[in-house]
Amino acid sequence: MLKTALLSASLAVAGYACSAWLTHDFQVWTAEGARRLEVALQPIAAPSVQIDGPGVTAQALSQLLSDGQSVTLVDFVYTRCQTVCLALGSVYQQMQTTLQAARKTDAAARQVRLLSISFDGQHDNPRILEAYAARLGADQLLWRFVRVPDPKETQRLLADFQVIVVPDGRGAFEHNAALLVVNQHGQLVRIFDYAEQQLALDYARDLANAASPR
Amino acid sequence: MKLAQFWLKWHLAIAGLALCLLALPGARLFLEANMTRHMLVQFPLLALIGFWFAGALPRNWMRRLNSWNGYGISGLFASALLLALLMIPRVLDLALVDGRIELVKWLALLVCGAAVRLSWQPAGLLVQGFFLGNVLPMMVVVGYLFESSPVRLCNAYLLDDQERLGQSLLWIAAVTGLAWLAILVRAMMRREAATALPTPSEEGPSTTYG
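Going down the list, the protein sequences come from chains X and R. In terms of the numbering used here, the first sequence is residues 518 to 731. In terms of the numbering used here, the second sequence is residues 21 to 230.
Isolated chain X, as found in the complex (with noise of 0.2 Å):
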């Protein structure tokens, strides 16, 4: 009975370490949290991936994302979509109101851009995302829209950045849809829901503050 007791202990202590490994200390239980407390923890340099956009010229998507100078708010999408990215261009459309707004009186929120990168190149060809941008009423100086035409580098993209996409079935995709802050170092260094817009706004607003010089 001594041995059960004794191995029954340290099960339960092997079992409390494995959950404490998984849960990152009990703060989150899907890999979705994981993701979002990892970025925080230890920020992602963004790959050196090819892009090309409407009104953006074919260059590795570090590139573009580290000029030095503005944080940017990455969202994935697709315009074939009818759903989630639907409710991120509103909130985007929103996002560039504020911004616009803002960069009358603010020197930093001169230095906030947006970005919406599609994850269906095959299809989003620079043609339909200008078309896609226009809808949107996207102000191009502002909120770019690119795609990664290689497919192989697509998914390094998406597996560098954590961004699952499945296909639903009925010809459209399911994916974990956030806020991405990108620093001015291309670096993605927090990651929002898209219910939190305002604060992922007044993050990348106070990281380009911070940097901007006075």
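Rather than coming from a laboratory, the hints here were simulated on the basis of the structure. The hints are all genuine.
Computed Cβ-Cβ distance ranges for the label pairs, DEER-style: (1) R/Ala216 x X/Asp542: 54 to 62 Å; (2) R/Gly149 x X/Tyr711: 45 to 53 Å; (3) X/Gln576 x R/Ile192: 50 to 58 Å.
Here's a subset of chain R near chain X, in silico, CB distances under 10 Å, partners left out: (4) Ser87; (5) Trp88; (6) Asn89; (7) Tyr91; (8) Ile93; (9) Leu101; (10) Leu105; (11) Pro109; (12) Val111; (13) Leu112; (14) Asp113; (15) Leu114; (16) Val117; (17) Leu173; (18) Asp180.
Every residue, glycine too, gets a C-beta built ideally from N, C-alpha and C.
Position chain R relative to chain X; hints supplied.
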């Protein structure tokens, strides 16, 4: 003796074959493509293989294990812990993207099935009740969470899949609980009948039961 050894070999071969079949990339892809299949088909199949393997353990191994497993407490406790860990939504996602986690998940399920086989009989009704009293409410909580959550808890799976899995977990917990209660009631009725009617000539063997 020869026959027993022959049977043991077959026993092991069948369990090994079943394990290899499940490990085929196609089978894994098929079973893990869908949340319900992942948790309600692949999980139980792996546990069943573990259960089957445990039946083929050599006797001296069994004796050694049993000394660490009084009243089946360690075994059932280990199973309850493993099941609790495997019900954390993050595990399902991690198993899909990280081969090491997938391997640990498989081992955990095999151990789970084996531990239940080695521990269920020695446990008796009290320890069994304690085990189920932990595992089933946990399953109900997870099932309810999966069924009622408006957001996806696993990045790799769809929302309607998650709802279906939640409902199934609730049903499984309910049916398992009821089945065990039925066994409990039957065992208690037998015991009462045995004490009320002391006719050793008829009830002889069954008084040692339970």
